[in-house]
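J.: Chain residues, written in single-letter form:
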Amino acid sequence: MAHGYQVVTWTPFKKAYDVVMLIAVGVFMTIFIVGGYMTWPDGETLHPVQLALRALGFTAFTLLHVVLAIGPLSRMSPRFKPLLYNRRHMGVTTFLLAFAHAVLALLWYHGFSEMNVFVSLFASNPNYGSIQGFPFESLGFVALVILFLMAATSHDFWNANLGPGFWKALHMLVYVAYAALVAHVMLGLAQNEKSPLYAYAVGGGAVFLVALHLITGVRECVRDRALGAAAHDGWIDVGSAADIPDGRAVIVVLKGGERVAVFRYDGKVSAVSNVCRHQAGPLGEGCIKDGLVTCPWHGFQYRPDDGRSPPPFTERIPTYNVKVDNGVVFIDPVANPAGTPVEPAVVAGAAA
Amino acid sequence: MTIQLAEMLVAAIAVYAALGTVFALVFVTVGVRRIDPDARGMPLRARAVVFPGAVGLWPLLLVFMIRGERKT
Chain A
4 MAHGYQVVTW TPFKKAYDVV MLIAVGVFMT IFIVGGYMTW PDGETLHPVQ
54 LALRALGFTA FTLLHVVLAI GPLSRMSPRF KPLLYNRRHM GVTTFLLAFA
104 HAVLALLWYH GFSEMNVFVS LFASNPNYGS IQGFPFESLG FVALVILFLM
154 AATSHDFWNA NLGPGFWKAL HMLVYVAYAA LVAHVMLGLA QNEKSPLYAY
204 AVGGGAVFLV ALHLITGVRE CVRDRALGAA AHDGWIDVGS AADIPDGRAV
254 IVVLKGGERV AVFRYDGKVS AVSNVCRHQA GPLGEGCIKD GLVTCPWHGF
304 QYRPDDGRSP PPFTERIPTY NVKVDNGVVF IDPVANPAGT PVEPAVVAGA
354 AA
Chain B
8 MTIQLAEMLV AAIAVYAALG TVFALVFVTV GVRRIDPDAR GMPLRARAVV
58 FPGAVGLWPL LLVFMIRGER KT
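Read top to bottom, the protein sequences are chains A and B.
Basically the working numbering = 1-based index in the first sequence + 3.
Basically the working numbering = 1-based index in the second sequence + 7.
A few of these clues could be false.
Stretch-level coverage of chain B by chain A, calculated; a stretch enters the list once three of its residues show a Cβ under 8 Å from a Cβ in chain A [unchecked claim]: (1) 14 to 21; (2) 31 to 38; (3) 56 to 70.
It is worth saying that the hints were derived from the structure and are not from the lab.
For every residue, glycine included, the Cβ atom is placed at its ideal position computed from N, Cα and C.
Generate the whole structure from the sequences, applying the supplied hints.
T.: Written out as structure tokens, the structure is:
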């Protein structure tokens, strides 16, 4: 949380995560290079630099698929949630691989030009009006700039100072980068590759990601409708307190689409915004740990009765007034300013 | 894209990056404290991690620094 910035707040899990990821990247690139050599058509020249260039590009592109799939997968099943905890390292690795790919491509294809390599990159192929002959390198450049901005602002300092809304919007540009990369790879393949295998793989990956996001989106809409709560005298009926598992929450969707996490703990009920200040993680899918609401994504914590992170941390989230009537939990749909203390409602007959 | 247009684009990117590099050096040494009290005593390595982002987003950070306040 926002106190005493470090380069990385390492935990044993994060270290294991990074080791597994780097081994997987190494294995993928090795298989790609060995496979590339073994399947290269006889009679066609293949330079090791070209193969390394392709290996770096395809590894980065594949890793980007994993990065984009983790979000929807973890919403479909909690088994995937651990993959979210250090996704930013996967994103930075994606950028570094893509950067290495770009540097090699720039030197190999434009380094021998008499003009500036960057000018050569943009001007050597002037067919911007053609689909088949479009200079796909420029699309890769656009994607690389976006991946750079995302990697460069992945540190908590940026999330805290750009604000969660702006930070999230900036990082949603990953979908623009992905679309540019699909076009970059497809056009590159169309202009340089005879085998349709790569094109099928790229198309399959895109279909997989689109389908995954659509399925998750539809499921979320259906769930939101089911969670839509009825109003009674200005208070929102959340349901029976007994139906909220101890130390957990139910998520209520208000009319404007705002989500509220209603937690039950120690015989009490408190309601806070469902949106974590860190990366907008779903607090209501987390739990009460050490008496604190704990975000399932990166472990940011807040006190349930005032929405404030424990000292020395300074994050605050909005709270909601709450009451329990005949065992039924009600919340006031009007949010209190972030960090406002609210007396928790006591669940009658519950063991403290 | 014509060579002339490409040269202008590359020159614009180079100027942006050069200004960003100069700004980022100032930002990671004194600017971070101005917009974020939590950044006081930030280790040198953490400032180095912040540096590339400051190069990329320097116009925005310049506004933050002039205002002297945190975005959030």
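J.: Compare the structure with each hint and give your call.
T.: Going down the list of hints, with the structure as the test:
1. 14 to 21: Three-residue rule met by the region 14 to 21 of chain B, so holds; n is 4.
2. 31 to 38: Result for this restraint: violated, n = 0.
3. 56 to 70: Satisfied; 8 residues make the cut.
Going down the numbered hints, you'll see the structure goes against just number 2.
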